[in-house]
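Asker: One-letter residues, chain by chain:
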Amino acid sequence: MSDSSILESLWLEHVPNTHSVHVAVFRNVENAAFLHQQLLARNADFEYALIDAGVITSRLQVFSAAFKAITLQLAGTMKTPNVHSELVYSLSPTNNVLVTPSVSSSATAAPETTSATETETPLTAQDIEKHLLAHVEGKPVPFTAQTLSELTDWGRVRKYYKLNGVSWLDGIKDQATKNRELDMLVMGGMALRGV
Amino acid sequence: MAADSATHQFPLPAILEYPSSTPPELIAQGAEGRLYKSTYLLPSIPCALKYRPPKPWRHPVLDARLTRHRILAEARNLAKCRRDGVLVPTVYAVDESAGWLMMEWVTGGPVRIAINEWLRRRRDAERAEGRAGDAIVEGTSEADADLVALLRRIGAAVGHMHKVGIVHGDLTTSNMMLRPWERGKEPANGHNVEGDELLEGEIVIIDFGLASQSTSEEDRAVDLYVLERAFASTHPRAEKLFTAVFESAYKEAFKQAPGVLKKLEDVRMRGRKRSMLG
Chain F
1 MSDSSILESL
11 WLEHVPNTHS
21 VHVAVFRNVE
31 NAAFLHQQLL
41 ARNADFEYAL
51 IDAGVITSRL
61 QVFSAAFKAI
71 TLQLAGTMKT
81 PNVHSELVYS
91 LSPTNNVLVT
101 PSVSSSATAA
111 PETTSATETE
121 TPLTAQDIEK
131 HLLAHVEGKP
141 VPFTAQTLSE
151 LTDWGRVRKY
161 YKLNGVSWLD
171 GIKDQATKNR
181 ELDMLVMGGM
191 ALRGV
Chain B
1 MAADSATHQF
11 PLPAILEYPS
21 STPPELIAQG
31 AEGRLYKSTY
41 LLPSIPCALK
51 YRPPKPWRHP
61 VLDARLTRHR
71 ILAEARNLAK
81 CRRDGVLVPT
91 VYAVDESAGW
101 LMMEWVTGGP
111 VRIAINEWLR
121 RRRDAERAEG
131 RAGDAIVEGT
141 SEADADLVAL
151 LRRIGAAVGH
161 MHKVGIVHGD
171 LTTSNMMLRP
181 WERGKEPANG
191 HNVEGDELLE
201 GEIVIIDFGL
211 ASQSTSEEDR
221 AVDLYVLERA
231 FASTHPRAEK
241 LFTAVFESAY
251 KEAFKQAPGV
261 LKKLEDVRMR
271 GRKRSMLG
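Protein chains in written order, with the UniProt record's numbering: chain F, 1 to 195; chain B, 1 to 278.
Treat the hints as calculated values from the structure; they're not laboratory data. Ideal placement from N, C-alpha and C gives every residue a C-beta, glycine not left out. Check the hints yourself; a few may be wrong.
[Stated by the list, open to error] 20 Å max Cα-Cα, derived SDA-like pairs, lysine to any residue:
| # | chain 1 | residue 1 | chain 2 | residue 2 |
| --- | --- | --- | --- | --- |
| 1 | F | K178 | B | P180 |
| 2 | B | K80 | F | L169 |
| 3 | B | K80 | F | V195 |
| 4 | F | K178 | B | G85 |
| 5 | B | K163 | F | L169 |
| 6 | B | K80 | F | G171 |
| 7 | B | K80 | F | P93 |
| 8 | F | K173 | B | W181 |
| 9 | F | K178 | B | L87 |
| 10 | F | K173 | B | E182 |
| 11 | F | K178 | B | K80 |
| 12 | F | K178 | B | E202 |
| 13 | B | K163 | F | G165 |
[Stated by the list, open to error] Computed Cβ-Cβ distance ranges for the label pairs, DEER-style:
| # | chain 1 | residue 1 | chain 2 | residue 2 | range |
| --- | --- | --- | --- | --- | --- |
| 14 | B | S212 | F | A75 | 24 to 30 Å |
| 15 | B | I45 | F | K159 | 24 to 30 Å |
| 16 | B | S212 | F | K173 | 33 to 39 Å |
[To be verified] Looking from chain F toward chain B, a few residues come up when the C-beta cut is under 8 Å (computed):
| # | residue |
| --- | --- |
| 17 | L12 |
| 18 | F63 |
| 19 | K68 |
| 20 | G188 |
Chain B extracted, bound-state conformation (with noise of 0.2 Å):
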């Protein structure tokens, strides 16, 4: 029963009740919406469905409403930087109504899990020869040059996503994936074939359920600055090093970049809320 439980503590939304081949498989369960691994159409074709329950202490218009428009909002975001060129899941099916939410399953691991497990590694390199392993990653070895890549392909993703109009509402390194890359599809340079491939891949993001569309310098500069947040606490050995590549990425992405990030000086001054005053 306690096996069971993990997959039916809650209510499956009606389509996955249908049958199919394998039962759907819930990944995660956040504040808003559960997300479930299933298939679409065929059995060999995986998707994630993001299903947004009712809230049965709202009022029932108004959670329908609510409920209704951020799952149009997250379709139609996740459509135009799919349309444009912007690594993300494409949208398969969406029912506002019934408050689900269709895509394409996006292979490989969040780049949380992959940076993590490069600085474990790193860290145990450094204690075997002696040292307390913790220093900062400069990124200025030839060990580091992975990661400085990595950390370029972050800032080139978030940069063209910005560029055609969109911003996130809350990246941090486990909302992008790192997709194996396709076979000749991996770039020319910047591509380690000696190192051990923990941190190739392109960068796909994901969940865009507070994304919106704006080309505003501040909520841009906002977004960067939740993601800067973000690394520096799951990822803070390499916090300076991330700054420094990100930006200089971010910079080549787009012409209003350069504004964005001097906006981001002034964010960081004051953190991600406006001033209360006025």
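One chain only, chain F, in its complex shape (with noise of 0.2 Å):
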């Protein structure tokens, strides 16, 4: 991959060669609306999981998320239309899909992490990274736990995935080691989801 490069593409740990993952990460996005916008209309040319970063807290939890999708895709159990959204929804702790994370309306400081999980589509990761920085309207970034941590909103994290009673997260003095175990019990919350 050459350094030029905004999009990571990598191929998981136990998932079939015809699935690769690929990642961007944009801050300070001025067109969230619009992109949401093509996400509810469905439309073909935005096969993307598009994710707030304010509730991303590794690298991994996108990869846990890409994995679940490929996963339920592969056995043909997903629950929404295509392994994008299911990307989205394996984020989710809960069936309630209302309180998925998504893009975030709030366009001026809302920083994104675009990734996008695709099939036996012959798309090449220059496709997408040409697509991508043509339709999004953000300041790329690279796909790094350093990148990550600047832009996870810890408060949030702990409201959406239902960590505010673990009292003995706050215990934790060190706020690296404290991060990492709610970056477990995410992880944790994702895989139990809906079982």
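Mind assembling these two chains? They're in different frames, but the hints should get you there.
Answerer: Okay, here's the thing in structure tokens:
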């Protein structure tokens, strides 16, 4: 992958080669409302899982959701129209879609993680990157732990994932340790959704 | 072929048939399921995958239902413990229909191996001094401090699990891992800096395949009884010490603990099963 690429592309462990994951992060997205509209209109050109980065705790959380979505697609047991929406749904700890993290409409300071999982479609990483750059009005930043740590809104994470009642977390003095524990609880919440 | 058959003796669950950076490794094979070491999402993240294969001797519909229920129960009980701060592996993914559960890989080794190695070294040391090497470990000497501290941590861990409403169903020193302390996370006291570090680490309870949610004194006492019996047969020389130290740490873990220990005395008298009468 070239250094200039805004997209991180990879294959997950125990996922067939037909499915690769492509992730890009944009900060200060200006046209969140427009992007949201494309999703609602089921615009086939916007087959992405657009995620509000404020509720993303780690790279693994995103990969975890992608893994779950792909696994469900392969098993033919998706609960949503496509693998992209399934990824977003996989991030949710509840069956209630209303609280599923989605694109934030407060466009000004709303950074977004945009991730797209591609199936058999012969789209290349270059195609996806070009399309994203053309349609997302924001500043592309690398999908790193550092970037995410600047964007995570831990208060919202605890609310979404129903972790406000977990009092032992507040006894952890070291912030990094605390965030790591939260990340693990988030992943556990996602894995156990609806079971 | 012999080396190969060790890995491929059994058909892998479908999920493990998909490509990964390193081939899945069969770690343990039990009556109900198999445990594989594999990777989750990235090559750098090890995971444990517990697979309950279909049982051909059971009616297929019943089999599917039992497998589903057991996988889900295990996942839920692990999640409950994790959320309530009991150290257990995080559940990464679960597919109850396919019969598998993917969890965090716990580093370190089983408590059983650590204690047995510690006892072996102690025996060798005793023999070097010309003694028989089968002395009961009293826990009174300076050299026993590590073991006492470990047994206390076991008591606290089991107490914590019971406190949050989970009984394990198969407590043994093989189902507890000794995970090396993270730097800076070691306890300030009860931690032997001078020692050989054989018994250092935090207790992580694993294998919730027989666990259930219960807060009854009876269930908790039976849980302790199973551990006590398992400990006595695995580490007979430290049995007495175990009972004393474990109970004192367990008692401090939660309010109802003294009642459970009282019940444990009844269970010891009659064994694990309740009276067959009635």
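Asker: With a cut-off of 20 Å on the C-alpha distance, tell me whether K80 of chain B and P93 of chain F pass.
Answerer: The given pair, whose Cα atoms are some 14 Å apart, holds under the 20 Å limit.
Asker: Is it true that the CA of K178 of chain F sits at most 20 Å from the CA of G85 of chain B?
Answerer: Status holds; Cα separation ~12 Å.
Asker: With a cut-off of 20 Å on the C-alpha distance, tell me whether K178 of chain F and E202 of chain B pass.
Answerer: 17 Å, holds
Asker: Let me know if the C-beta of L12 of chain F comes in closer than 8 Å to any C-beta of chain B, holds or violated.
Answerer: Where the cut-off is 8 Å and the nearest Cβ of chain B is about 5 Å from L12 of chain F, the hint holds.
Asker: Between S212 of chain B and K173 of chain F, is the Cβ distance one that fits in 33 to 39 Å?
Answerer: Hint holds: Cβ distance 34 Å, inside 33 to 39 Å.
Asker: Given the range 24 to 30 Å, decide if the beta-carbon distance of I45 of chain B to K159 of chain F lies inside it.
Answerer: 27 Å, holds
Asker: At a threshold of 8 Å, is the proposed contact between F63 of chain F and chain B supported by beta-carbon distances?
Answerer: Hint on F63 of chain F: holds, closest Cβ of chain B at ~4 Å, below 8 Å.
Asker: Can the restraint linking K80 of chain B and G171 of chain F be considered satisfied, given a maximum Cα separation of 20 Å?
Answerer: 19 Å, holds
Asker: Grab the minimum C-beta distance from K68 of chain F to chain B and call the hint holds if it beats 8 Å, violated otherwise.
Answerer: 6 Å, holds
Asker: Going straight from one Cα to the other, do K80 of chain B and V195 of chain F come out at no more than 20 Å?
Answerer: 13 Å, holds
Asker: Assess, step by step, whether the Cα of K173 of chain F is no farther than 20 Å from the Cα of E182 of chain B, and give holds or violated.
Answerer: Distance ~15 Å between K173 of chain F and E182 of chain B Cα, so the pair holds.
Asker: For the hint on G188 of chain F, does the least C-beta distance to chain B fall short of 8 Å?
Answerer: Hint holds; G188 of chain F Cβ to chain B Cβ min 5 Å, cut 8 Å.
Comparing the model with each numbered hint stated earlier shows that all of them hold.
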